[in-house]
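Listed here are the chains, written in short residue letters.
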Amino acid sequence: MTSESTLFSNRWLPVLLVAPFMLLIVLFFYVPIFQAFYWSFFLEQPFGGGSMFVGLDNFARVLSDREFWQAGWRTIVFMVTASSLAVLIPLILAVAADRRIRLSLPARNVLVWPKGVAGASIGVVFAFVFNPFVGILAPLNKAFPGIWAPGIDGTDAFITLIAAHVWGGIPFNFVILLAGLQSIPRTMHQAAAMDGAGPWRRIFDVQLPLIMPQLFLTLVLEFTESVTSAFALIDTITHGGPGGATTLLVYKIYKDGFSGYDLSGASTQTAILMVFVILLTAAQFVFLGRRINYER
Amino acid sequence: MIENARSLNIVASLILLVGMVYILGPLYLTLATATQSYEFLLRNGLAWYPGDQFFNNVARIFTETRIPIQMFNSLAVAFSLAIATCILSFLSAYAIVYFRIRWAGVAFALILATIMLPVDIRVITTYQVASNVFSPVNALLDVSGLNGLIAGIFGAPVQLELSVLNTHFGLIAPLAAHGTGTFLFRQFFRTLPGDLFKAARMDGAGPIRFMVDILLPLSRTSFAALFVLTFLSGWTQYLWPLVASSTPDMQTAVVGLARLLPDSEGEVPDFPMIMAGAVIVSLVPLLMIALLQRYLVQGLVLSEK
Amino acid sequence: MNAIDTAIRAAAASITVKDLTKAYDPQTVVIPPMDVELKAGEFTVVLGPSGCGKSTLLQMIAGLERVTGGKILIGTREVQDLEPKHRGCAMVFQNYALYPHMTVFENMAYSLKVSGTPKAERAERVAAVARMLGLADYLHRKPGQLSGGQRQRVAIGRAIVREPGVLLFDEPLSNLDAQLRHDMRVELADLHRRIGATTVFVTHDQVEAMTLADRILILNKGRIEQFDTPKAIYHHPASVFVAKFIGAPPMNILAVTGDGSALRLADGQVVANAPLTGAYQLGIRPEDIVVDGKADGHAVKAALRFREDLGSHSVLAADLGGSIVRIATPFGMDIVDRLELLLNFPTSRLHLFDAATGRAIPGALGAQ
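Residue numbers (this note's numbering), protein chains in the order written: chain A, 1 to 296; chain B, 297 to 601; chain C, 602 to 969.
Source of the hints: derived by calculation from the structure; they are not laboratory data.
Mixed in with the good hints there might be a few duds.
One side only, chain A facing chain C, incomplete, derived with CB under 10 Å [to be verified]:
1) E67
2) Q70
3) G72
4) P132
5) I162
6) A179
7) Q182
8) P185
9) M188
10) M194
11) D195
12) G196
13) A197
14) V206
15) P209
We put the CB at the ideal spot given by N, CA and C, even for glycine.
Given these sequences and hints, build the entire structure.
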C-alpha cells in the first residue's frame with residue numbers, strides 16, 4: 001500500500017525513532033538468547049569463577065538425563081491436551097455466543113473476566129478450589145477417601161493444572177473466535193438456508209470452515225504459550241510435584257538455574273527449548289498456514 | 297429468517313450457562329471464602345455463602361503481609377510498562393512504515409521475532425544480563441581485543457557494572473522488549489488511506505508534524521487497546537518479577553500473593569486471608585476490564601489481525 | 602441440457618400475495634397491506650427507490666423475513682410460515698454469497714447434497730448447468746479465483762440447479778461495472794427465454810427494469826404505484842411518482858390551473874385547451890416537447906438557462922413561468938446560444954395528474 005510517494009525521505013530521523021526500542025530489544029531479548037546458546041557450550045561457575053569451554057559436553061549431559069526427557073514428555077502432553085482444550089472449549093462457547101439468544105450478551109461480558117486474574121492469581125485460586133480437604137471436591141473425598149488427591153496422585157495434579165490453564169485461556173481465544181464468527185456475512189447464512197441447510201448443519205458446513213484462519217492462529221499461539229505460561233500455575237499449585245509429576249521443562253529450567261545453580265545445564269536446556277519452540281512455530285506455518293487462506 | 301432453531305438455541309444457552317458457571321464459580325468461591333474466618337474454613341471447608349469476616353481478612357492482609365506495597369509495585373510496573381510499550385511501539389512502527397529506508401524489513405523482522413519467545417523461556421540469561429547490563433559491552437571489549445589494549449595503557453581493563461535487579465526498571469525492561477505493540481500499530485497504519493499522507497505533505501507537514509498532528513490523534517483507539525492489554529499483562533506477570541526482585545518490598549502483588557501459600561504440606565493454609573489477598577490483588581485488573589472492556593476486546597482482535 | 606430447461610419451465614409457479622403486511626413495530630410499517638399476483642413463468646421486476654420495501658418483499662417471499670400479516674402463496678400452497686427450503690425458491694444475492702472454501706462445483710452442488718441427491722445425479726445436473734452458463738472449465742476453481750461476472754454466473758448456477766419454482770434476484774447487477782452490467786442483462790434475458798422460470802428481480806435501476814421485465818412492479822414506501830408492462834408504464838404512468846421515476850431525463854411536471862376552457866401555467870400562458878377547472882399537475886416528457894416547430898399543441902415562451910450536449914442529442918433546461926423544464930432535442934438539431942425558446946407542447950403527448958394525490962387522470966387530454 002505504501003508507494004514511494006507516501007514515504008518520508010529523512011535518513012536519520014527513523015533511526016532515532018527506532019533506536020531506543022532496538023536497544024531495549026537487543027539488550028533484553030537478543031543478548032540473553034545469544035548468551036543462552038553461548039553458555040550451553042561452556043561450563044559456567046555460578047559465583048563468577050570463570051568458565052570453561054566444553055564443546056558439546058553440556059548437550060550430551062542434558063540429553064542423557066532421564067529427568068530432562070521426562071520433563072520434556074510432560075511438557076508435550078500438557079501442550080497437546082491443555083492447548084486443544086483451550087481452543088476447543090472457547091470454540092464451542094463462541095459458536096454458542098454467536099447465536100442471538102438472551103445469554104449471549106452477558107456471556108460475552110463475563111467470559112472476558114479471567115484476563116484480569118491471569119497467571120499466578122489463577123494458580124492461587126485453583127490451589128484453593130481444588131484443595132482435597134477444603135476445596136470443591138472435598139465432599140467427594142469425604143465420601144470416597146483418596147479419590148481426589150492432587151498432593152499424591154500425579155494425574156490429579158496434572159488435571160488441576162489443565163483446568164486452571166483452560167480457565168485462563170478462555171478470554172483471549174473466545175474473543176478471537178467470536179470475532180471471526182461474527183465477521184461471516186449474514187447473506188452467507190441466508191444462502192445456505194436457501195440451499196436447505198439448517199442451523200446445525202451450517203455450523204459445520206459454513207461457520208467452522210470460514211473461521212479456519214482464526215482457529216489456526218489461536219492454536220499456534222496456544223501451543224507456544226502453553227510451553228511457557230504454565231510456570232506460574234506450577235509454582236503456585238503443585239510446585240512441580242507430586243514427585244515431579246508436574247515438573248514441566250520450563251519449571252525444571254528454573255529450578256536448575258536458580259535453586260541448583262546449574263547455569264550451564266539450565267542454559268543448555270533453554271537453548272534446546274527455544275529451538276523446539278521456533279521449529280514448532282515454523283512447522284505450523286508451513287504445513288497449515290498455506291491451506292488456510294482464502295478470500296472471502 | 298424463518299427456521300426452527302429452538303433445539304440449537306437451547307443447547308447454546310446451556311453451553312453458555314455452563315461456561316459462565318465455570319468462569320464465575322472460582323471467582324465467587326474466592327470472594328465468599330474471603331469473607332469467612334479461618335475457623336469456619338477448618339470446620340466447613342469451602343464457603344458457599346458469604347460471611348462477615350471480609351474486612352477482618354482484608355485488614356490482616358494490610359497488617360500481616362507486604363501486599364499493600366506490592367500493589368504499589370504492580371501498579372507502577374503495569375502502568376510504566378503500558379506507557380513505555382505504547383510509546384516505543386508507536387515510534388518504531390512509525391519509523392518502519394512511513395520512511396523510505398532499506399532496513400525497514402529487517403528491523404521489523406527483528407522486532408516481530410520477539411513474539412516467538414516470551415520472557416519465561418529466556419529467564420535464566422535475562423537474569424544474568426539484568427544483573428549486569430554492561431556485560432555485553434564488557435564482552436565486546438574483551439573479544440575485540442580492545443580491553444587488552446586498554447589494560448596495556450591504563451593498567452586495567454574496562455569492566456563496567458550496573459545491576460538493574462530489584463529495581464522498577466529491571467522489572468519492566470525485559471517485559472517491554474516485545475514486538476506485539478509494534479505489530480499492532482503497523483497493521484493499523486496500513487489501514488489508513490495513503491491520501492492522508494499526501495494531503496499532509498501538500499500542506500507542508502514534515503515527519504514530526506505529521507506524527508504529532510495527524511497520526512497520533514487517529515491512533516487513539518489503538519493506544520487505548522494496547523494500553524489495556526499491556527497493563528493487564530504487566531500486572532499478571534509472574535516468573536520474571538519473581539526472579540528480578542530479591543526483597544519482598546520490590547515484588548509485585550501477584551508474586552507476593554503466591555508467596556502467601558505455604559510451600560510444603562502440613563496444616564491447611566489460611567485460605568480466607570489468602571483469598572482476601574487474591575480479591576485485593578485482582579481488583580485493579582478486574583475493574584479495568586469492567587470499565588474498559590471495549591478497548592480490551594478491540595486490542596485482542598487487532599492483535600489477531 | 603434440454604432436461605434442465607423443461608424441468609424449470611415445468612416447475613415454474615405463480616406467486617400470489619394477499620393482504621401482506623410487514624411492520625417491525627407499530628410505528629415502523631414497511632409494507633402496508635399488499636395484494637398482487639405474479640404469473641407463472643413471468644419475469645417481474647420490482648422497482649423502487651431505497652427503502653421502498655422491495656428487498657423486504659423479496660425476503661418475505663424467500664422466507665428470510667417473517668410476515669407480520671397476510672398470506673403468500675406459491676402456486677396453490679400457502680408458504681408464509683414455511684422455512685425457505687420448503688418453498689421451492691432459489692435466490693441470487695447481491696454479493697453472490699458464494700461459499701469461499703468450496704469449489705465452483707461444490708458451491709453449485711451444495712443444495713443437492715443437503716437434500717440427499719445421489720452423487721452421480723448431482724454431478725450430472727451441475728455439469729449441465731455449468732455448460733449452460735459457460736462455467737464448465739471453472740468447476741474446480743474457488744470463488745476467490747474468479748472474476749465478478751464469473752462469480753455471478755456461479756451464483757445463478759447455484760440457484761437454477763435446484764430447478765426451483767421461483768427464482769429470486771436481489772439487486773444482482775449493482776456490484777458490476779457498466780459494461781459488465783450491460784452484458785449480464787443480455788445474458789439474463791437470454792436465460793429467461795431458455796428456462797422460463799418465474800422470476801422476481803429487485804432493482805433500483807430503471808434501465809434494468811425496462812429491458813428485462815415482462816411486467817414491472819413499482820413500489821413507493823411499501824405501496825404499489827403501478828404494476829404493468831414496461832411500455833404501458835412508460836407511456837401511461839399511473840402517477841407522478843411513476844412518471845418521474847421512469848425515463849431519463851424524467852418527465853417534466855408542471856403545476857397548471859384550469860379556467861374552464863384552458864389550462865394555464867403559473868405565468869398565465871396557455872398550454873392546452875381543456876374544459877377543466879381547478880389545480881392539476883401536467884406532465885410531458887423531455888423528448889416530446891417540440892422546439893420552434895409546428896405541432897398540434899400550444900406554443901409557449903421559455904427562457905433558456907442551461908444546455909448539455911450529449912452527442913446524440915442535447916438536453917436543454919429552460920425557465921417556464923418559474924419552473925425548470927427539460928427538453929431533449931432530436932438528433933442534428935442545432936441550438937445556437939439563444940435566450941428565448943419557443944416550445945410547443947403537443948396535446949396528444951400531455952399527461953394529466955391530480956394535484957393532490959398525483960394519480961393520473963386518464964382520458965382528460967390526448968395522451969391517456
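Consistency of the hints with the structure:
1. Nearest Cβ of chain C to the Cβ of E67 of chain A: about 46 Å, over the 10 Å cut. The hint is violated.
2. For Q70 of chain A, the interface hint is violated, the least distance from its beta-carbon to any beta-carbon of chain C being 42 Å, above 10 Å.
3. Annotation: interface hint on G72 of chain A violated; nearest CB of chain C at approximately 37 Å, more than 10 Å.
4. The interface hint given for P132 of chain A is violated, since its Cβ lies 48 Å from the closest Cβ of chain C, which is over the 10 Å cut-off.
5. Proximity of I162 of chain A to chain C is violated relative to the hint, the smallest CB-CB distance being about 32 Å (cut-off 10 Å).
6. Taking 10 Å as the C-beta contact cut-off toward chain C, the hint placing A179 of chain A at the interface is violated, the least distance being around 18 Å.
7. Residue-level restraint check for Q182 of chain A is violated (minimum Cβ-Cβ distance to chain C is 16 Å; threshold 10 Å).
8. Given the 10 Å rule on beta carbons, the hint for P185 of chain A holds: about 7 Å separates it from the nearest Cβ of chain C.
9. Of the supplied interface hints, the one on M188 of chain A holds, with its beta-carbon coming within about 5 Å of a beta-carbon of chain C, less than 10 Å.
10. Restraint check, M194 of chain A versus chain C: the minimum CB separation of about 5 Å is within 10 Å; hint holds.
11. Checking D195 of chain A against chain C by beta carbon gives a least distance of about 4 Å; that is within 10 Å, so the hint holds.
12. Because the smallest distance between the Cβ of G196 of chain A and any Cβ of chain C comes to about 4 Å, under 10 Å, the interface hint for this residue holds.
13. Restraint check, A197 of chain A versus chain C: the minimum CB separation of about 5 Å is within 10 Å; hint holds.
14. Interface restraint check for V206 of chain A: the shortest CB-CB distance to chain C comes to about 7 Å, inside 10 Å, so the restraint holds.
15. Below 10 Å, beta-carbon pairs count as interface contacts, and P209 of chain A has one with chain C at about 4 Å; its hint therefore holds.
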